[in-house]
Amino acid sequence: TQLLEQSPQFLSIQEGENLTVYCNSSSVFSSLQWYRQEPGEGPVLLVTVVTGGEVKKLKRLTFQFGDARKDSSLHITAAQPGDTGLYLCAGLKTNTDKLIFGTGTRLQVFP
Amino acid sequence: SAVISQKPSRDICQRGTSLTIQCQVDSQVTMMFWYRQQPGQSLTLIATANQGSEATYESGFVIDKFPISRPNLTFSTLTVSNLSPEDSSIYLCSVRPRLGAQRGYTFGSGTRLTVV
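From first to last, the protein sequence lines stand for chains A and B.
Just so we're aligned, residue 1 is where the first sequence starts under my numbering, counting upward by one.
Just so we're aligned, residue 1001 is where the second sequence starts under my numbering, counting upward by one.
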């Protein structure tokens, strides 16, 4: 069973629209990372959130870590075709180096 | 951050055969991992490759099917044995950054395996 559930699973939107991706778990993680993966490549880190309630911004992307460190969200403002890809949240289990990935959200942004 | 070279990038194999995937890192790293990504899905951790000792496998993965070697701090191999069509996936190696996990893990570009 997947420890981290992402929603939605698929998202197709027009350029300029806003969107939010959710990453939920019943487990507590020491930190949570968001990655983006494009076809033929490995995932690439977008951000790491560590503290419960933490909010980080990366240009048009806003990441939030839940107060209880069990869930996170990614909000994209004014999506662009270049944002197209597979978005993955990944939790670092406490006292381990194992990175456990969420179920993934495949985003397509049409011009 | 570390740079990973993963080979081969893709292969088509007959069922019943085996495929060995190589992962070469440009610097010494303590933690190396192998993941599987089934078509259209997310990444599932197969095992942690331990230098000088047996790999640590996750639930559902066994050494006989996925033998792993880690002869030194810059290199690891994953073999997928006795191939069946269900093994068709992308296999990726990953390393934890030396300065801490929070800096993000680095991944190889993956090996796309098709079993016919």
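It is possible that part of the hints are untrue.
Okay, the calculated beta carbon distance ranges per label pair [what the hints assert, rightly or not]:
id, chain 1, residue 1, chain 2, residue 2, range
1, B, Thr1056, A, Phe110, 41 to 49 Å
2, A, Lys93, B, Ser1088, 22 to 30 Å
3, A, Ser12, B, Gln1041, 40 to 48 Å
4, A, Arg60, B, Val1003, 27 to 35 Å
5, B, Thr1017, A, Thr77, 26 to 34 Å
6, B, Thr1030, A, Pro111, 41 to 49 Å
7, B, Ser1081, A, Val50, 35 to 43 Å
8, B, Ser1081, A, Ser12, 33 to 41 Å
In case anyone wonders, no lab produced these hints; they're calculated from the structure.
By construction, the Cβ of each residue, glycine as well, lies at the ideal position given by its N, Cα and C atoms.
>> Output the indices of the hints that this structure fails to meet, ascending.
In response: The structure conflicts with hints 3, 5, although it agrees with all the remaining ones.
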